[in-house]
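*Asks:* For reference, the chains in residue letters:
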Amino acid sequence: MAGSDILRAGGSIALALLAISAWATEAPVPEGKSIGFALVTWAPAFNETPGAADECPSGMQHLNKENWALQFPTVEQQDEETKHYVQLGPDTPGGPIPEVYKQNRGPHGENTTYNPWLVKDALPLLEVQSKIAYGLNLDGTVDGHATPTSCTHQKFVSPAGEPGVDNQLYRLIGCWPGWRKSGFNVSFHKGQFVEHTLNRILIEVTGVDNEQNDDHVEVTIYKGIDQLTFDGASKPVPWLTQRIDTRFPQYITKMPGKIVNGVLEAGPANTRLPLFQMNAEAERLFRGMRLKLSLSNDGAEGLLTGYEDVNEWWRGIRNSYVEVVDTDGLWSPPSTYEGVHRLADGYPDPKTGQCTAISAVYKVTAVRVFLVQPPKNDPLLIDPITVLAKERGIAVR
Amino acid sequence: MSDRYSIRLHVTRRVLGTILVFVGFGSNAGNLVGQSSDTGVEPPIMGGAPTMRLMDEQQYTNAISDVFGTDIKNTVRFPPVRRTDGLVALGATTAVVTSGALETFEAAARDIAAHVVDEQHRLLIPCRPANVKQPDDACAREFLGRVGRLLYRRPLSADELNVRVAAAQSASEKLNNFYGGLQSALSGLLVAPEFLFLTEATEPDPTLSGAVRLDGYSRATRLSLLLWNTIPDEELLRAAGAGELYTQRGLTRQVDRLLASPLRVQAGVRAFFDDLMVMEAFGDLTKDSTIYPTFSLKIASDAKEQALRIIVDQLVTRNGDYRDLFTTRHIFLTQALGTIYRVPVQAAGATEWVPYELSENDPRAGLLTQVGYLAVNAQPGRTSPTRRGRSLREVFMCQKIPDPPPNVSFTIIEDPNAKYATMRDRATAHSTDKTCAGCHRLTDPIGLGFENFDGAAQFRIREGNAIIDASGELDGISFHDGKGLGQAVHDNPNIPPCIVKRLYQYAVGRNLSKDEKPVLAYFEQRFADQQYKFIALLRTLVTSKAFYQVGVDATDKPRSVTALNGQ
Amino acid sequence: MSYSKSKLSRRSILRGIVGASAVSVGLPFLECFLNGNGTALASGAALPVRFGTWFWGLGMDSEAFIPKKVGPDYDLPPEIESWKDIKQHVNLLTNYHVITDGKPNVCHFTGWVALRTGSVPITRGYYPGASIDVTIGDVIGGASRFRSLDCTATGNDRDSYSFRSADAINAPVTSPIELYQKLFGAEFQDPNSPNFTPNPNIILRRSVLSGVRDESASLEKRLGTADRARLDQYFTSIRELEERLALQLQKPAPAPSCKVPGPMNGKELNGLDALVVAERHRLMADLMAMGVACNQTKVFNMVYSISGASTVRKGLEKTHHTITHEEFVDDKLGYQPTNFWFLQRAFESYAYFIKAFASIPEGDGTLLDNCLIYAHSDQEFAKIHSITGVPMMTAGKAGGRMKTGIHVDGKGEPGTRLGYTLLQVMGVNGGEWGTGSMKTSRAISEILV
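Chains as they are written, first to last, in our numbering: chain A, 38 to 434; chain B, 95 to 661; chain C, 90 to 538.
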C-alpha cells in the first residue's frame, strides 16, 4: 500500500523533445523606457444624440423581417415560400413561421444572410445623416474626392470641430441600434472583450524618454493570452503582467509614433487582429491603421481608426449576428452588405475600381500592464501542430 | 495577526519589568552557551509526559493521501484548536472531539471509504474476493491489516484485526457486496480514536531499571510529524517495529532517509512556520477596496503561499542560514503579486509561481518586507506600526508584549482637529505619553521602519505630501529603512534562541520545563556551529535524546528514583 | 389526526461522565407525543422550547441606545430604531454589570466570558466553564438531529462562542451554502413527507460507530487522567452520534411549519464588509429559523461579529474595533458617529434574526413564541472596554414562560442574573449560577410570567 507522492509537473518530457522555438527568446531590453497597455474596451465611436434624432431622422435601420414582408406581401406567397423552402419538422403544425426562416428569401430559398447579393431589399439602408463623427482624416483630402488609395465619399466634422473626418462605417451602421452605446451588440461584446483571450490586444510603446512628449517612439501591437483582473468597482487592475501570445506572429504589427502632450499618435500600419464576437471567431484587418491615445498613470483611452477590409468586416459581422438578425440584432443583411460595398472608401481594386476597405473609427480604453515574453517552459510554446509541421517541412501560417 | 485584540498599550513599570525579564531570558540563553563546559555533550533532561494530539486538518489530509493516493479528496472540517504558548500544535495536545466535530469526521470517513473501494481504485486493494457478492475474510484481512497498520501507526493486534474482519464480513453479508463490507470496516478505522488521536505510548526502558521510554512506534510518529507533517510511512514503521529507532545508528539512518526527501521536508517546514507565524490570520485578510483596489482575495492567498515558499527556499532548498530569512532577496511572485510589487512577472498563467530575484536597489529584502507580513499586520486601509512591531517581537523573538490595560485613555490622540502628516507623527503620542511608552517603545520603532510599505504592502516614498522617515533602532542597532531593519533583525541575538525554543516546543508538544534550559542552550550552540542551518537544527533535534525523552509514562506515573539517579 | 398509543420501547437514558459533570441524552421526540392539533404534546405539556444565542461585538453607544423609559413599551433611541417591528418580542436589559473581584478586565474577553459562562476568566484564553448554550443543550439538545447549530456571519471558521471548554469549541458554519447543505442537503429527512423509509445505511453507520466504541474502549487504560477525560468526551460524542442516527431511523415528528427552502445559488460572499456580513447573516438567519422549525435542532447560536469586531466599511481605512478606540465622541451627538453606524448595522441584523423566527407560524402563534433567544455583547463602551452595563437582550416567550417587550434597568446587579433566569426557564436544574460576585440565585422576575 505504498503512498503515492505528489509529482511536480516541472521538467516536462515534451519540452525535452521540442527544439526551442525561435519565438521563445528572453524579453529584450529596449533603449528608452518601455510601457505597455492592454485594451479593455473596444466599441464603434459614435457621436450619439438623444433618440438618434440628428443621426437617424428617418428612424433606425429597417429589419430583415420588414423586407421579408414586402418581398412576400400576401399570405399565399408566404405559404408558397414556406412550403417549398422552409423545412418543417414532422410534429410542427402549420403555425406561425419561426422568425429565423425569414432569412431564407433568396430566389430558391437561399439564406440571404449568407448570400446577401441574391436579393435587393425593398427598404433602403438608413445611413447616418448628421455631419458630426469621431475620427481622423485618413485620406488627406478635405472633401473626400478620390485618390489613388481612396474612393469619393463624404466627410464628417469631429465633435471638436476638426474637418475632414473619415468614418464611413459610422455612416453605414450608425442607425443600427445594436451598435449604439447600450445596444445589444455593444453590451454583449463588452464582457466578451475582456474575458475571451482571442480579444486580448496588447500595445507596447518602446523608446519612451518622456511620457508627456517624445518625438520618436515605436509602437508594437501583439495578441496576448492572459486574463485581466478587475477590482471591486469593476475597474481594471493596473500593472498586471501579460504574456505575448507568440503563437501568432501574424498579429504583430510595428508602427512609428510620437507623444505630444501626453497623447500618443501612432501609425499608419497595416494591422491584422483577432476577434471573438458574439459566438464566432473572426479577424479585423486594417490598412493604414492609426492610434490616437491619451495616456494616464494607469491606462489610456482614445481612438483606433483605419480602413477596415470590407470582406473581413462583413464575414465577422455576418457570422456573429446571423442568429439575432430579427431578434436583438435588428438589421437586414442584404442592405447592409450592399451598403458596406457602396460606402467603402479605401484602397480600390485596380481592376474593378471598387474600394475594398471602409474607414472605421473605434473608441478604445486600455490599462497599464507589463508585457513579457512567455517563459521558456510555458506550455503555450509547445504547439504540437507547429512541431509536426516543422518536422515535415510544411510552412505554418 | 488579526485585529482581535486591541494593542493600545498602557503599561505599568511592573509590567515593563516583566518584559525585560522575557527579553533577558532570550539573551541569558545565549549566555549559557558560552558558560556551558561540555559544548559537545547533550545535557540530560527528565522529559515531559507523552502526548495525545488530535490530528489537524493538514495531517489528516496528508495521511489520507499517503495511504490512498492524492485523488481521494476529503471534506473534513476540524474544530478551532486553541493557540497555547504561541503554538497551535500545543493546543492539539489538549483538544477534544465534540459531537459536532465527530459528525464531520464520520462523514469524511464514509466519503473516503466509499472512494477507496470504488471501481476506479481497485489498485488500492491488493487482493480480489472469491465472489464479489459475498464476504471474503482472507482478502479483507489482508487489506484491513495493511491499511490499519498505516492508519494506526502500528500493527493492529490480533483481536483488533479479527474484530475488523468480522465487521467487514457482517456488512458484506448485509449488503451482498464484498466491497461494501470493506468500505464499512474502513470507515470504522478512519473514525477510530486510534487514527484521529496521535497517542504516544511508553514501555519500560530495558537499559535503565524503573525508567520508561517512548515505544518505537511513538518515536516514529513524533519523528514523522515533525519532519514530514504526516504519519510514518511503511519503511519507518518497519524500522520502528524492528527496534531500530532505539539505536543511534538505526535512528540516524531513518533521519537521513526522511531528510533526503525535499518535498516531504518542505511539508514539515511549512507546517511549522504556518503555526509559528499565526498564518490563520490570512483567513481574515482583506483590504478596503476603495483605498487599495488592487488587493484582491487572490493576492491575500498568494501572499501566504509566497511567505511559505520563501521560507522553504531559504531553509530547505538552499539549506541556508536561518537568519538570512530576514535579508534574502530570493522571493517568488505570481502575476497577481506582480501588481503589488509593480514588476513584470514572466509566468505561464495566473497560478504559476516564478522565482524572482529582488535587485540590490530594491527597497525590499527579507521576509518582513514581503506582502504577507506587512499586509496581515495592518489595518484594512492603512498601516499599523504597532502590530508589525508586536508581531516581530512575539513571533520571531519570543518576547511577549502584554495586552493593553482596559481603561486606556485616548484623549491624547482624540483631538479631531489635529493634523498628523504621517503615521510617525500619529504614533508620537504613543512614545511620549509615559503610560503608553513602556510597551509602544518596544513595538512602534520597529513597525515605523516599515512605513515605506502601505497597508497593502505597496512601496511608497510619501505619505500624502510628506516624505516618509523609516529610520529607527532595534535593541541598539540603527537602521534607516525596511531593508536595514531586516539586517538589524538578522543580527539580533534573540533570533536564533527563539526559533530553537519554538521548534522544540512544537516538536515535543508542550511548554518547556525548567530543567530544559541547558539542553536548549546545547541546541543553540550546535545551531550556531552549523551556520544556523535549519535542516541541521532539525537533524540535531531528532537525533537527540531529549526529543524522545519522557519523564512519566502515559498514565502519569513518574519514573522511579533509581532511574533518576541512574542518569 | 389520531395517534395510536402504541407501546413505546423506552430507551435508557445514556449517561457519560465528562470532567465532573453528568451528560444525559433524553428520549426521542416521536409524533405520538403531539396532541391532535400539533399545538401541544399529547400529555398536555407545551411544545419544546428552543434556546438560541446571538452575539455581537463592541457593545453600544449608551447615549443612542438606552431607552429613556424603563418597563414595558419602551422607546427606541436611534441606534435601535430598526427594532420597531420586533420590540414587542424583545426584552432589553441594561445596566447589568460584570464584576471581576479584582481579576483583570481582559479587553474584549472578560465581558462576554462572564455573561456566557457565569464566571470571570483569570487570563485571556481561559474559559472557566461551558457556554450557557452547551449547558442548556446538554439538557434539551439530545433528541434532535443536531445537538446545536453554530453559525457565524463573519465567514471565519474560528469564530464561535459555543464551547464546552477552550479545547472543545464548536466549529461554526461559515457560509449560507454550507448551512443549507448541512440542514437540507442529502441527509435531510423532511418531517412532513408522507413517505418515510428508514435509510438502511444508517444501521450500518450505527454499527460502525458502536464497533468503534467497543473496540477502542481499552485505549483508556493506557492514558493519564487528562487524556482519559478527552477520550471520554470522544466516546460521548460517538454515543451522541449513534443516538441521533437512531432518531433518523424513525419517522420524524411532523413539523407543520417546516417548509424546505429551495436550493441556493452559490453567491460568493467574501470579507468583513458590513454589507457582506449582513447578507451572510440574512441568508443564514432564514435557514437557521427554518432549520429550527423543521426540528433539526433545539439549540442554535449565531455570531454576527466577534468580540472586538473587525467589521469594515468601504472607504474606511480602519476596522470597527479600531474606530471605537480612535474616533472622537461628537459633542453634539454624544457618541462616536462611525461606531454608531456599525452598531446600527448590527442591530438591524438582530432585528432581522428575530423577525425570521417571528415570521414562521407554529401552533397558535409563531416559532419565536416557543423560543428563547439570548443576545449579549462583550463590552458596554468599547472605547474604554467598560463592562459595567454590557447590553443584553432576550427574545421569544419560551413557550409562555417569559414576558416580552420590557426594558429592565439592572441597577448594577451582576449580568449573570439573566443567564440564571434563562437556565431556570429552560429547565436546567441548579440552585445558582456563576462564581464570586457573579454568583447568583435570583431570577429577574420582571420578565418572568
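Take these hints with a grain of salt, some might be off.
To be verified - Cβ-to-Cβ under 10 Å is the rule here; a few derived chain C residues that face chain B:
#, residue
1, D174
2, S305
3, R328
4, N359
5, D453
If you are wondering where the hints come from, they were derived from the structure by calculation, not from laboratory data. Even for Gly, the Cβ is constructed at its ideal location relative to N, Cα and C.
*Asks:* With reference to the structure, classify each hint as holding or not holding.
*Replies:* Verification of the supplied hints:
1. This hint is violated: D174 of chain C has a C-beta 32 Å from the nearest C-beta of chain B, more than the 10 Å allowed.
2. For the restraint placing S305 of chain C at the interface with chain B, the shortest Cβ-Cβ distance is roughly 5 Å, inside the 10 Å limit, so the hint holds.
3. A cut of 10 Å between beta carbons decides the hint on R328 of chain C: the least distance to chain B is about 9 Å, and the hint holds.
4. The closest approach between the C-beta of N359 of chain C and any C-beta of chain B is roughly 6 Å, which is under the 10 Å cut-off, so the hint is satisfied.
5. A cut of 10 Å between beta carbons decides the hint on D453 of chain C: the least distance to chain B is about 33 Å, and the hint is violated.
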